[in-house]
Amino acid sequence: MKTTIIMGIPGCGKTSIIELALKKLKGEYKVVNFGTLMFLMLKEKKLVKTRDEMRKLNEQIQIDAQEKAAEKIADLAKKQNIIVDTHCSIQTTKGYVVGLPEPVLKKISPDQIILIEASSEEIFKRRVKDNTRARDADSVEGIEFHQQINRNLALTFCVLTRAVFSIVHNKTGRLLIGSKELAEIIHA
Amino acid sequence: MKTTIIMGIPGCGKTSIIELALKKLKGEYKVVNFGTLMFLMLKEKKLVKTRDEMRKLNEQIQIDAQEKAAEKIADLAKKQNIIVDTHCSIQTTKGYVVGLPEPVLKKISPDQIILIEASSEEIFKRRVKDNTRARDADSVEGIEFHQQINRNLALTFCVLTRAVFSIVHNKTGRLLIGSKELAEIIHA
Amino acid sequence: MKTTIIMGIPGCGKTSIIELALKKLKGEYKVVNFGTLMFLMLKEKKLVKTRDEMRKLNEQIQIDAQEKAAEKIADLAKKQNIIVDTHCSIQTTKGYVVGLPEPVLKKISPDQIILIEASSEEIFKRRVKDNTRARDADSVEGIEFHQQINRNLALTFCVLTRAVFSIVHNKTGRLLIGSKELAEIIHA
Chain A
1 MKTTIIMGIP
11 GCGKTSIIEL
21 ALKKLKGEYK
31 VVNFGTLMFL
41 MLKEKKLVKT
51 RDEMRKLNEQ
61 IQIDAQEKAA
71 EKIADLAKKQ
81 NIIVDTHCSI
91 QTTKGYVVGL
101 PEPVLKKISP
111 DQIILIEASS
121 EEIFKRRVKD
131 NTRARDADSV
141 EGIEFHQQIN
151 RNLALTFCVL
161 TRAVFSIVHN
171 KTGRLLIGSK
181 ELAEIIHA
Chain B
1 MKTTIIMGIP
11 GCGKTSIIEL
21 ALKKLKGEYK
31 VVNFGTLMFL
41 MLKEKKLVKT
51 RDEMRKLNEQ
61 IQIDAQEKAA
71 EKIADLAKKQ
81 NIIVDTHCSI
91 QTTKGYVVGL
101 PEPVLKKISP
111 DQIILIEASS
121 EEIFKRRVKD
131 NTRARDADSV
141 EGIEFHQQIN
151 RNLALTFCVL
161 TRAVFSIVHN
171 KTGRLLIGSK
181 ELAEIIHA
Chain C
1 MKTTIIMGIP
11 GCGKTSIIEL
21 ALKKLKGEYK
31 VVNFGTLMFL
41 MLKEKKLVKT
51 RDEMRKLNEQ
61 IQIDAQEKAA
71 EKIADLAKKQ
81 NIIVDTHCSI
91 QTTKGYVVGL
101 PEPVLKKISP
111 DQIILIEASS
121 EEIFKRRVKD
131 NTRARDADSV
141 EGIEFHQQIN
151 RNLALTFCVL
161 TRAVFSIVHN
171 KTGRLLIGSK
181 ELAEIIHA
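The listed protein sequences derive, respectively, from chains A, B and C. When we follow our numbering, the leftmost residue of the first sequence carries the number 1, and every step to the right adds one. When we follow our numbering, the leftmost residue of the second sequence carries the number 1, and every step to the right adds one. When we follow our numbering, the leftmost residue of the third sequence carries the number 1, and every step to the right adds one.
Derived from the structure by calculation, the hints contain no laboratory data. The C-beta atom is built at its ideal place from N, Cα and C for all residues, glycine as well. Hints may be right or wrong, so weigh each one.
Here are the simulated PhoX-like cross-link-like pairs (lysine-lysine), alpha carbons at most 20 angstroms apart as the crow flies [what the hints assert, rightly or not]:
# : chain 1 : residue 1 : chain 2 : residue 2
1 : B       : K78       : B       : K30
2 : B       : K2        : A       : K94
3 : A       : K56       : B       : K2
4 : A       : K180      : C       : K94
5 : B       : K68       : A       : K94
Per label pair, the in silico range of CB-to-CB distance [claimed, not checked]:
# : chain 1 : residue 1 : chain 2 : residue 2 : range
6 : C       : A74       : A       : I61       : 35 to 43 angstroms
7 : B       : A74       : C       : K2        : 30 to 38 angstroms
8 : A       : T92       : C       : S109      : 34 to 42 angstroms
Now the stretches of chain C that chain A is said to cover, found in silico as 3 or more residues with beta-carbon under 8 angstroms [what the hints assert, rightly or not]:
#  : stretch
9  : 90-97
10 : 145-158
Make the full structure from the sequences, and use the hints.
What follows is the structure, encoded as structure tokens:
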């Protein structure tokens, strides 16, 4: 059984590329969105009603929820291959928040960490077009910087867990190629 | 109570920008210089008389002093907001020495890590002008490299502690803007 | 007694520069190739006959072998200065595998970590010429990327162990200068 963490900044096309790669993987993998799992676990405990309420929770409750979600994933991974869809870091007004701090990461204990990257110009264009989500368009330089930060963080994650590191480039108009590459790396 | 670590290479203008930011923060924060704290603790134990003597101490004594200083900071942080002014790494003839190795870092347990950066050309010019301190002017490339190293180290610090990461740019002639940004990030 | 880890990607000229540096160090240092040590320990236990068989072993056996080799090095380091010749990360079809994951690294507990780097163009040329080893020539960009990854990983290693970090540049036609610099840093 294998646990793969897939990360990428908003607008890199992570969701689309994972969906397409999954079709090539013939359903042997269960995708778990880390944020959604945390939300469902907190909702069940009646601590929140909506996702937005999560970030307003007491910090210790958020930390506990993260660790509980990580334990849940480790538990699921005993019986099947898991793909964890999550953020390497989250850009906030306070700065960059690490998506998977050491204790959370070690609980998940991934075998593989894959970063989905796209050109910063393309991500910028996608964010500007995307009016459905309340996304900060940022600047091309800011996007470049965030992707660089995520590379550094992901490599630290690998030192702490032995996970194998890869980057998959998601180029506009080449989603098929990217998803094929992603499927091959996951299956390797 | 919040602990903020602020780091930056010699000549980035860290001291000036912190001083100015503090005025905007209305004195709610106590600044602790990590090196000074270590020195005072070692001096009190009669192990050194001057700061320069610190680096000549037996390595294990230096390590113990670092950890004791970190514990002192954690203790102070129970009662007030702390800003730790320190080095991310120190350039020596032996190579780059990490300013906050894992055990020291975990004892401080920062909520926030802020790097002060300036353009490498500006830092080079400041170092050349500065005759009062025995600073190695280095080269523009060497300064660029040191700042890049510090970004990598600071991000690893964040994975190990959950600290939120930010960079504040300290541009020549724009100290007011930089210090305002720094104050806002500390206060966020 | 001092433990120095020296790392560099295939084609950076690590072996040559270490050999030459050693002559300047007057035999006070014992060089241990990490992969060879693992191989010999596994061979003695009759688990493998050739080096190639190592990567086909059960993953847990590989992990144990790595940790046992690290313990052996720590043991040797009690009596003499050790230079560990190893890989920071290994490029595989699955992605980049970290050469020294946290537990292995902490067992070795290095005082110093040195990366040998060369220009990516030069490494590319050396790999193309080198027909004796089954090396993937990769692309100049791929080589550049691998060296960048290794910088990030090596810095994380330093945070986890207090090791002092250096890079030595191995330029074609300047092996003497590079090896002299390496010897000085090791001896510092």
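| query | Does the hinted range 35 to 43 angstroms hold for A74/C and I61/A at CB? | reply | At 41 angstroms between Cβs, range holds.
| For the pair supplied as a hint, K78/B and K30/B, is the alpha-carbon distance within the 20 angstroms limit? | Given that 20 angstroms is the threshold and the Cα spacing comes to 12 angstroms, the pair holds.
| query | Given the proposed pairing of K2/B with K94/A, does the C-alpha separation stay at or below 20 angstroms? | reply | 13 angstroms, holds
| said: 34 to 42 angstroms was suggested as the range; check whether the CB atoms of T92/A and S109/C agree with it. | reply: 36 angstroms, holds
| field | Pair hint outcome, K56/A versus K2/B [Cα-Cα no greater than 20 angstroms] | value | The given pair, whose Cα atoms are some 17 angstroms apart, holds under the 20 angstroms limit.
| said: With the threshold set at 20 angstroms, check whether the alpha-carbon distance from K180/A to K94/C stays at or below it. | reply: 14 angstroms, holds
| message | Quick check: do three or more residues in the stretch 90-97 of chain C have a beta carbon closer than 8 angstroms to a beta carbon of chain A? | response | holds (count 6)
| Satisfaction of the hinted span 30 to 38 angstroms by the C-beta atoms belonging to A74/B and K2/C | The hinted range 30 to 38 angstroms holds for A74/B and K2/C, with Cβ atoms some 31 angstroms apart.
| field | Within 8 angstroms of chain A's CB atoms, at least three CB atoms from the stretch 145-158 of chain C: coverage verdict | value | holds (count 5)
| request: Please work out if K68/B and K94/A have their alpha carbons no farther apart than 20 angstroms. | output: Answer violated: K68/B to K94/A is near 29 angstroms, above 20 angstroms.
Taken one by one, the earlier hints fail for this structure only at number 5.
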